[in-house]
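First to last, the sequence lines map onto chains A and P.
Just so we're aligned: 272 in this note's numbering is position 272 of the first sequence, and the numbers increase by one with no gaps anywhere.
Just so we're aligned: 371 in this note's numbering is position 75 of the second sequence, and the numbers increase by one with no gaps anywhere.
No lab work stands behind these hints: they were computed from the structure.
This one's a predicted model, so the numbers in the text were calculated from it and none came from an experiment.
Don't take every hint at face value.
Unchecked claim - List of simulated lysine-lysine pairs, BS3-like, C-alpha gap at most 30 Å:
| # | chain 1 | residue 1 | chain 2 | residue 2 |
| --- | --- | --- | --- | --- |
| 1 | P | LYS326 | A | LYS133 |
| 2 | P | LYS415 | P | LYS346 |
| 3 | P | LYS386 | A | LYS133 |
| 4 | A | LYS133 | A | LYS231 |
| 5 | A | LYS50 | A | LYS134 |
| 6 | P | LYS386 | P | LYS363 |
| 7 | P | LYS363 | A | LYS30 |
| 8 | P | LYS415 | P | LYS329 |
| 9 | P | LYS363 | P | LYS329 |
| 10 | A | LYS114 | A | LYS50 |
| 11 | A | LYS133 | A | LYS30 |
| 12 | A | LYS133 | P | LYS363 |
| 13 | A | LYS114 | A | LYS133 |
| 14 | A | LYS114 | P | LYS329 |
| 15 | P | LYS326 | A | LYS231 |
| 16 | A | LYS231 | P | LYS422 |
| 17 | P | LYS386 | P | LYS329 |
| 18 | P | LYS363 | P | LYS422 |
| 19 | A | LYS134 | A | LYS114 |
| 20 | P | LYS346 | P | LYS422 |
| 21 | P | LYS386 | P | LYS415 |
| 22 | A | LYS134 | A | LYS231 |
| 23 | P | LYS346 | P | LYS326 |
| 24 | P | LYS346 | A | LYS231 |
| 25 | A | LYS50 | P | LYS363 |
| 26 | P | LYS386 | P | LYS326 |
| 27 | A | LYS134 | P | LYS329 |
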Amino acid sequence: MLGKLPKALNIATNICIVVAAILMVGVLAKRLLEKRATAVHGRGPINEVKIGDRLEVPNLDWRVNNQTLVLALRIDCPYCTESAPLYRRLVTAVSTPKSFVPVAVFDEPPAESKAYLSRLNIPINDVRQADLKKLAVRGTPTLMLVNQDGVVTDVWFGKLGTYRESLLLSRLGVPNDSPPNRSNETDAIMATDAQSDWVNPVPPSDVIDLDTLKGMDSGGNVILLDVRNRKDFAIEHNTRAVNIPLDELDVRASNELRSSNQIVTSCYCVDRRSAIAYKKLVDAGFRRVKLLREGT
Amino acid sequence: MFLILLISIIFRPLSLPVQEYRVAEVSLRKHVKNVVMPTFPQDAEKRGAKGPVIIQVDVNAEGNVAKTETLQSPDASISEAVTRAVTQWKFEPFRIGAGTPVGVQGKLTFYCVLDAHGKGRVENPKQFR
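Work out the full structure, taking the sequences as your base and the hints as a guide.
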């Protein structure tokens, strides 16, 4: 009996080693899978849907509609709920004329999503379920205007402030006759809404072209402010331009720009970033601000 | 014992998700509980480095800085000093409404300035001083 004990211990030790090895492999596999999930689901760099992206929603044929307005929402998203009046307005306005068709996309099952929309009195008939992360929707609400090729032609993130709401309505051809209501704006967490504080458009007298800019340059004291992100700025920019990305302007303008400077905002883009920058600067007390037409 | 250790490693809670939402610097700074200001590196002083430093931070649901990335800096040693300091910052957890805490991503701005004697210091933007 005693003679068998060492052998039994030996076998038990071997079994322990094998189990330990299996567990080690399990740990490594789990870590590897975790890393992959991180890359896909946003603990790594944020890949957010943007204009020009091709959108794929399961079983949704973009060709059926001239334009489709995709409302990416979540049932537990307070900003979606707070934006209900806007969505109601959009959906009820589209019937005449029918310039776009709204489609609501949720992570949650359609039955729950429809009940949610019904509670908010948003009459959207087409409600889909899709993994929002796979659509590169990083936060809700996100609204995307999609053409017949499935390409995103415009996108709006977060709960919209007065100005961006008016831009959305204008873009979709929905009449906008109600006065701006700033009371429902929020300074809390939003998906990526850095432009919610707009009241008036840029006056035509403050829009200049390149020739005027060159004339101003000869007088000096002019700052050509490029408000694109660093990546876009690095690809190509005016050699005289100063880069302050739009989302940093609120903090940096009062620290880095002087009110005595003539500031010309530009972004060499079509998404009105320079116009938003113009308004931010005027609101911050800068009086000598112009907007470069090519930069609107 | 070895097996218990392994099992505890495998089944320990996964790290909380971070940077699900972007927040403005104003919101980010409103949530700061503990601030450690960077010191101006001497070698950067000698080089006369000055200007804005922009650091992107990922704050996890527990309010800790999980990741940083220098977006703009006048000098590599300043970038290191600011990163070291910011990593020690603590934030009140960010919540959406009354919901559970979420991870957020935002930017922090600092200014490196040199006085008349060439002595450097790192400052917050004036609206946060």
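- Taking 30 Å as the top limit, are the C-alpha atoms of A:LYS133 and A:LYS30 close enough? Holds: A:LYS133 and A:LYS30 sit about 21 Å apart, inside 30 Å.
- Taken at face value, is the distance from the CA of P:LYS363 to the CA of A:LYS50 at most 30 Å? Holds, at about 24 Å.
- Item | Pair hint P:LYS363 and A:LYS30, alpha-carbon separation not exceeding 30 Å | Holds, at about 22 Å.
- Message: P:LYS326 and A:LYS231 were given as a pair; does the straight-line alpha-carbon distance stay at or below 30 Å?
- Response: 28 Å, holds
- Keeping to a limit of 30 Å between CA atoms, is the pair of P:LYS346 and P:LYS326 held or broken? 26 Å, holds
- Take the C-alpha atoms of P:LYS386 and P:LYS415, compute the straight-line distance between them, and say whether it is at most 30 Å. 28 Å, holds
- Query: Is the hinted pair P:LYS386 and P:LYS363 satisfied, with a Cα-Cα distance of at most 30 Å?
  - Reply: 13 Å, holds
- Query: Going straight from one Cα to the other, do A:LYS134 and A:LYS231 come out at no more than 30 Å?
  - Reply: 24 Å, holds
- Does A:LYS134 pair with A:LYS114 here, judged by a C-alpha cut-off of 30 Å? Distance of about 21 Å is within 30 Å: holds.
- Restraint status (C-alpha distance of P:LYS415 to P:LYS346 at most 30 Å): Holds, at about 11 Å.
- Message: Holds or violated: A:LYS134 and P:LYS329, Cα atoms, limit 30 Å.
- Response: Violated, at roughly 35 Å.
- Is A:LYS133 within 30 Å of P:LYS363, Cα to Cα? 21 Å, holds
Hint violations for this structure: numbers 14, 27, all remaining hints satisfied.
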